[in-house]
Structures are given as structure tokens and as C-alpha cells.
Amino acid sequence: MWPLVSQMNPDASTVAAGAPIEVDLTPIAEGQDIKVFWRGKPIYISHRTKKQIEEARKVPVSSLPDPQSDEQRVKPGHDQWLVVVGICTHLGCIPIAHEGAYDGFFCPCHGSVYDTSGRIRQGPAPTNLPVPPYTFVSDTKIQIG
Amino acid sequence: MSGPSDFQPTNPALKWIERRLPIMGLMHSSFVAYPTPRNLNYWWTFGAILSFMLGVQILTGVILAMHYTPHADMAFKSVELIVRDVNYGWLLRNIHASGASMFFFAVYIHMFRGLYYGSYKEPREVLWILGVIIYLLMMATGFMGYVLPWGQMSFWGATVITNLFSAVPYFGESIVTLLWGGYAVGNPTLNRFFSLHYLLPFVIAGVVVLHIWALHVAGQNNPAGVEPKTEKDTVPFTPYATMKDMFGVSCFLLFFAWFIFYMPNYLGDAENYIPANPAVTPAHIVPEWYYLPFYAILRSIPNKLAGVVAMFGAIIILAFLPWLDTAKTRSSKYRPLAKQFFWMFVVVCIGLGYLGAQPPEGIYVIVGRILTFLYFAYFLILLPLLARIEKPRPVPNSIADDVLAKTGGKPAPMVSTVIALMVAGGLLLGGAESARAAEGSTKPPAQKWSFSGPFGKFDRGAMQRGLKVYKEVCASCHGLSFVAFRNLAEPGGPGYSVAQAQAFASEYKVKDGPNDQGEMFERPGRPADYFPSPFPNEQAARAANGGAFPPDLSLITKARSYGRGFPMFLIDFFTQYQEQGPDYVTALLQGYEDKPPAGVNLPEGSYYNTYFPGHAIKMPKPLNDGQVTYDDGSPATVAQYAKDVTHFLMWAAEPHMEARKQLGLQVFVFLILLTVLLYFTKKKVWANAH
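If you're matching them up, the sequences are chains A and B in order. If you count the first sequence from 1, position 18 lands on 18 in the working numbering, and the numbers rise without skipping. Here the working numbering runs 1000 ahead of the position in the second sequence, where the first position is 1.
Just chain A, same shape as in the assembly:
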């Protein structure tokens, strides 16, 4: 019985293709963001401006639908870098960066709005945009996965 179910899971080649990737951050200017694909998912890497970071930290955490502080969502010492999976936690559409009322992300499908920390602020999505597992290999390079 188990083999009949298990065969449906990602196969060995898919798992292998999902190995960690390295991304060089030097070309991303302040206020810009790039989209890279990892495991078939778009990952947004934003180089946030001072203003965006302030906006993200100013809001009282307890007032959020999915309470999480901005500090919990970035790596210490790399406050300007936000790395999130660009898949709306509602039903999986790709939110558009730099849109919506909170200068973060806006999902065009069902109208969820995320802030500059990728946290859900408005709309049907239940949780914040997830932060993928990543580490800083150097100051200008991260490894996702």
C-alpha cells in the first residue's frame, strides 16, 4: 500500500534539482529586488531601503494577523535583506513586489496585501510569506536551501 502512495511524492531527480542554490547579492541596488527560482518556487530577494525597514519595525507586532517581528524574519546584521518565498499563502498566486498599500507585496488573485517584511496585513491569506531556509555565505552571497 505505501509504495502506491509514496510514488506520488517528488522523485529522486526532482529532489536532487531542489538542492541549495547560491545567489550573489552585489548587483541588487538599494530599493530593488530580484526573483530567483528555487524548487520551482519564486524567491523574492529585496534590498530594502531605510524607510522600508523602519516601516516594517514601527508597527506593533501584536496588531498583526500573523504576529512576527521584522527581526525574526531577517538575518541579524543583514537587516536590509528580505528573502521570502513569493507565493501567496492564500492559494498560491505570485504577489507583485512594490505594490499594495504597505509598499510590500500585493497578490492580484484574491487581493492579499503584504508589508515590507512580507507579513500579511490585509486580505484572505492566513499567514506571512514564508522565509525560506537560507544562510549568508559571505556579506554579498546567500545560499538558499
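A hint or two may mislead.
[To be verified] Okay, derived cross-link-like pairs now, SDA-like style, lysine to any residue, Cα gap no bigger than 25 Å in a straight line:
1) B:Lys1448 to B:Gly1633
2) A:Lys35 to B:Ala1279
3) A:Lys35 to B:Ala1616
4) A:Lys41 to B:Ala1072
5) A:Lys41 to B:Val1510
6) A:Lys35 to B:Lys1448
7) B:Lys1618 to A:Gln32
8) B:Lys1618 to A:Pro10
9) A:Lys35 to B:Ala1540
[Claimed, not checked] Pulled from the structure, derived: some chain A residues nowhere near chain B, Cβ distances all over 12 Å:
10) Pro10
11) Asp11
12) Val23
13) Ala29
14) Glu30
15) Gly31
16) Lys41
17) His90
18) Leu91
19) Val131
20) Phe136
[Claimed, not checked] Okay, the calculated bits of chain B under chain A, using three or more residues with CB under 8 Å as the criterion:
21) 1116-1122
22) 1186-1199
23) 1249-1263
24) 1351-1361
I should point out that these hints are in silico values taken from the structure, not numbers from a laboratory. Even glycine gets a Cβ: it sits at the ideal position worked out from N, Cα and C.
Given the coordinates of chain A, work out where chain B should sit on it, guided by the hints.
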């Protein structure tokens, strides 16, 4: 299926078989001698129509599967090749694609009929539940079938629907990964959907057999809702019901053929003519019309898990209907209150369908919540309550009494209800339309096209000029990758000879190889080659065009559309207006303004276009007066260029359009004659019964 039959074949060979396998007796007792209530109206023919549709879908589906490639990189192209290259492939695909909509259209009528006449009540509970199971299977099959062409709506529909399962607490994510076979919707997903889409119709066929078995055990319900008592109450299935069903199917085929031959894209979404792109979400993800009411329920509820539960609950609740409605009287004909509430419920369902197509904001959300409440209230509050407080009118003693009381009655309500239902169905589509309309762009003016309408034909001159415009202007950035040079010489095309097409092809350099040295080389094009694309891949195209991707033009006139709004889309159904795409493309090519209106800030590298959604287009004004020289004396103006190139691109998007409309005419003449003949045959047969 209703016990042993006394059928005895006379032929000795058949006798020999019958003694060993009484299959003819089974068929005879089920479909010939089987007693059917004599007062059934035409709403009862939808059972036969549905069996017929299942057969049509299985037959065309099996054939399409012989030509289809279930791979993420090739699925979209293989569907296009079916439509363009397989003999009558366009016909098979149109039948299968609009057949799905027709199937749901018929099943909704069948279900509402059951609801109105109380066909779910004792002793037909199991029959009804089997029906609900068939409906669920149909929804799964329809959804997976819609994914197979691997267009944008296929891909994003699959993403949204599979993500519904992520709402399951704790196991959600693992379930979704299991469904996908990857970390996102991708090739493994497409493959398993194809496998299941092929399997499920046969499961449906199996459950249909059980459904009919249960029907033949309990016997058919009827408009009076009283059980047959004497022989006077029934007529044998053949010829009475058979003839009536054949006439019903024939009428339905007329409706069906209108879509197949004249409105093949009326029920579809233009977005699905754009190949799937995991990096771009369409602005509005709208499911096919038959899922819209449930989609509206899903979106009305602000909590994700609760929304998913409500959506599935809205379907599952149907299975409990026999125990929610405990009224003794079956038919709503004799239930004055239930009758009114039934029609209100129909309106609620249509309203939900309309809202399912609207953007989830403002007033739509509020109305959606009210209608969702009313939907559930009908089943959970109203029906149980009515059973207690309603005073039904007396039902007739027998079916024969019902028929006698009604002889000379008018069949008009049926006709008016059909019209009402069609208008309502149109409203659903209109919802989908207006969702697209709300994008802040000007509607392009409707143009006169020689290819519009039931007798439309392409204008050869316009197509030849349009090809010249494409070649000299558009081709520097836009590909035309589904069109081969040989197509230029095919019937219904721009009217070139084979030699001309060959000469045209040889002007192009085509990459071929590897040769014996293992190297790629360039050679002159051949008729079998496709128009070469200007860029090797999307990234190169974007890099050369300031980040924008010039779309391939093969399908552009089908992949672009605009909302027609109420009531135009309804009128469009009757006038066969299908030219939103060409109207938009022509308007766009002429819609450039040198200076944007005051107060509009264009991003760098963008140009202002009146008709482009959002107005900021990356393509600079492509056409200028006098840019292309015409040999036939047509005016060398932007307006003429735009019309000609659109004309050519319409042919490129549907090279067999002329064949489709011609065959449509023949089919219609045949079907109308058949329907008339069947009507009189049916009348003659039934003359004995009245």
C-alpha cells in the same frame, strides 16, 4: 435490470446465447419493456442527454489522447498541432472542450429537476446519492481536463485548486506536495492529471450504470410525484421514451453545435491561449463557469480553512437532501411555498455564479456572504421548516388522472424556462467578462471583419498584405512559431500556390543539423519549416527589449480579449460576435499617443497607448504611414496596415476557420431536418398514448 425477463429470441443462434448469458433479455427489460410514467415532461429527457454527452466526451477524449503529449514543455504545442494539423482535429477539440460545458449545463438542469420534483425522496435516496457522486467525479474530471492544454489559466487554476488542500491542518503541505509530485505544479502534476482525466470518465460510466440500476429498481419519479399504480399509468420505454429522448437529444445537439461550429471560444478564457508561465500570475484567475458558484462560496469566507470546508460542504450537503427535506409531498407542483423558494434558490445559485467571476472586493464580497448564507439556509433551515409548516395542495389520485386533467394544457412554461435559463447562464459568462473589463483600459471600437458571422470568409488580399506587414515590421521582434510556410498554400489561407509558398520559405535561413561533422548549419527554408523566431529564447527577447517580452503572434488574436459588458455579451451569443481579439489588436496598433494625457506618468522606456491595459506599453509605435509598400494600390496608412496585419493574424490563429463555418452550415441543415422529423415521429408515436 428489473428482474427476469420473459423475452425470448426466435433466432436459434440468439437463443443459444440467451440461455447462457441473458443479455438480450436484460436489455429488453431495461430499455424496451420497462414501464415509464406516461406524464413525464421534457425535463426528463436530460438523463438521456447526459448519457449521450458522456459517450461523446469519452469518444472524442480517447481520440484526442492519441494525438496529445502530456509533457509540460510540449502539451500546449501538441494541442495547437491537433487543431492545426490533425484531420478534423479542430472539430474534435471543439466538441470535447465545449462538450464539457454542455455536460455541466445538462447536469445542472437534471439536478434542479430532481430538486423541484422531489426525486430524491424515499425510495430514491440511493439513486440521488449516486447522482451526487457522479457530479463530484465530473467536477474532478472537468478540472483535470482543463489543466491539460497547459495554458496560463490551466496552470494557475491547477495551482489555486491544489492549494485548497493546504488548508488541511498539520498535513496540508505534505498533501499538496503529494498531489504535485514536486515542489510546485509542474510536469509530474500534468502527467498524473492526464492519467486520471483518462481514468475518471470510465469510473463515471460505472457509477452511471449503478445510477440507472437504482433508477430501474425504484422506478422513475414523475411531475405528479405519485407512484404508478395500474398499467394505465405507464407506457413502455420503447418506443415512447426512446422517441421522446431522441427528439430531446436532437434539440440539445442544435444548441451544442452552435458552440462547436460558431462560438468555440465563447465559453473559454482568452488567457488560456497563452502558454503556462510559472513566473507570471494572470490578473484574474477565473475558473470555468460551471465552478463559479462554489468559487464564490470559497471566497466569501474570510478564513481559509472555513472557506474550503464551506465550498466542499456546499456540494456534500446535496447528499443529505433526502433527510433534510422531510415533506411527504414529492412534487413542488403541489407545494405552493416550496415552489417559490425553489425559484429563489435558483436565483441564489446564479447570483453566486455571477459573483464568482467578479474581483473579490467591495460590494461583491458582502453580497457573496449574503448569498452564501442563503444557499446553506435553503438546505439547513428552509427545507426542514417547510416540511412542518407548509400545507400542500392535494395530489392527483394517479398518473392517469394527472394526464387527463392536463390534456390540452399548454407546454409554454417549458419554453420560457429554457429561455430564462439561457439568459441566466449568459449572466454567469458575463460575470467572467466583466472581471476582465475592470482593468482600466478603453474598449476598442468594434470593426467590420469579412471573417465574422456564420458565413464569414477571410479576405485573401488583406491576408497577403498583412503577411507583408508582419514580415517587414512585426517579425523583427515577434515570432509566429505555430505557422509553417506550407500553411500559406493551404485551403482557407492567404491563397498562395505551393510554388509561391516554397519561394517564400527559401528566402529564410533555417538552422538545421547536426551534419556528419556533428555541426549545426544553416540552409534555405522549406515549406515544412515554421516561421523562425527572432530571438532564441525568452531571456534574449527580454534583454533586447528593455525587459518586456514581445509575445509570439501565432495566437495573439485569440489570446487577447476585452469585457463586452452586460448586455452585449448576451447579444454576442446570438450574433456570433467573436472578434474581441482582432478588434483589440487593430485598436492597439493605432492607439499610440505622442503625448500622454496630463497627469499620467509613464515609466522609463514605455509609451502611451489608449487601448493597452494600464496604458504603459513597452513596444514603441510600430507602424507609420508609408512604411510598407503595397503592390495592389491599397492605401499605405497605419489604419490599413493595422487591419491587414490583424486579418492575417486571425488566420494564423485559426487556419481552419473557413472549414469550421462551412461544415457548421451543413451540420445545421442536417440537424434541423433531423429534429423536425423526430418531432413528427414522436408525435405520431405518442398519439396512441393520449
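Status of each hint after checking the structure:
no.	hint	in the structure
1	B:Lys1448 to B:Gly1633	holds (21 Å)
2	A:Lys35 to B:Ala1279	holds (9 Å)
3	A:Lys35 to B:Ala1616	holds (22 Å)
4	A:Lys41 to B:Ala1072	holds (16 Å)
5	A:Lys41 to B:Val1510	violated (36 Å)
6	A:Lys35 to B:Lys1448	violated (44 Å)
7	B:Lys1618 to A:Gln32	holds (20 Å)
8	B:Lys1618 to A:Pro10	violated (39 Å)
9	A:Lys35 to B:Ala1540	holds (17 Å)
10	Pro10	violated (5 Å)
11	Asp11	violated (7 Å)
12	Val23	holds (16 Å)
13	Ala29	holds (15 Å)
14	Glu30	holds (18 Å)
15	Gly31	holds (15 Å)
16	Lys41	violated (6 Å)
17	His90	violated (6 Å)
18	Leu91	violated (4 Å)
19	Val131	holds (15 Å)
20	Phe136	holds (23 Å)
21	1116-1122	violated (count 0)
22	1186-1199	holds (count 3)
23	1249-1263	violated (count 0)
24	1351-1361	holds (count 3)
Hints 5, 6, 8, 10, 11, 16, 17, 18, 21 and 23 from the earlier list are contradicted by this structure; the remaining hints agree with it.
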